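If you're matching positions, the sequence shown starts at 7 in my numbering and goes up one per residue.
Rather than coming from a laboratory, the hints here were simulated on the basis of the structure.
Quick caveat, the model's predicted, so the values are computed rather than measured.
C-beta atoms are modelled at their ideal positions from N, C-alpha and C, and glycine is treated no differently.
Zero decoy hints are in this set.
No farther apart than 20 Å at their CA atoms in a straight line, the calculated lysine to aspartate or glutamate pairs in the EDC-like style are these:
no.	residue 1	residue 2
1	K42	E52
2	K64	E76
3	K108	E97
4	K22	E11
5	K64	E52
6	K101	E112
7	K54	E43
8	K54	E44
Distance ranges between label pairs, derived from CB positions:
no.	residue 1	residue 2	range
9	E100	E52	34 to 40 Å
10	L60	E100	26 to 32 Å
11	A16	E43	36 to 42 Å
12	T41	M94	45 to 51 Å
13	I9	Q62	56 to 62 Å
14	K80	M58	31 to 37 Å
15	F46	Q71	35 to 41 Å
16	E112	V49	54 to 60 Å
17	S56	T107	40 to 46 Å
18	T41	V81	58 to 64 Å
19	K17	Q62	48 to 54 Å
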Amino acid sequence: MSINEINAEAKESLRKYFKDSNDVKHGNEGREELTKEEIFQSVAGEIKTSEMKLEQRKQMRNTLQHDAREALEKVCGKKAETKEVQHMTLEGMEKELRENTKHQMEYVNSLKQNTMNSRV
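Construct all of the structure, not just a fragment, from the sequences and the given hints.
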């Protein structure tokens, strides 16, 4: 008897033992394999559900923030002094950085010019 035959018999013996055992539950028995299309549909459904939950949470957060602002205005009698955060776009950031760079270069050039004029 070869080692492969011994291994095959051992595996078969273990399969029979665990299949007949009441200790082990076989949830996969009788379960069909899913096709790629079914897997994609399942995943797409999960993604859609997650996106809907995320959107609901965003709406709930916005509603809570609005209600909190109104409650603060009622209690304090004035609007909240905190400034609402405004996010910049990539183009806006790029424009601001270019403007800052331009102003810094002008400042450095004026310092150089002042230094040159003071030496003369």
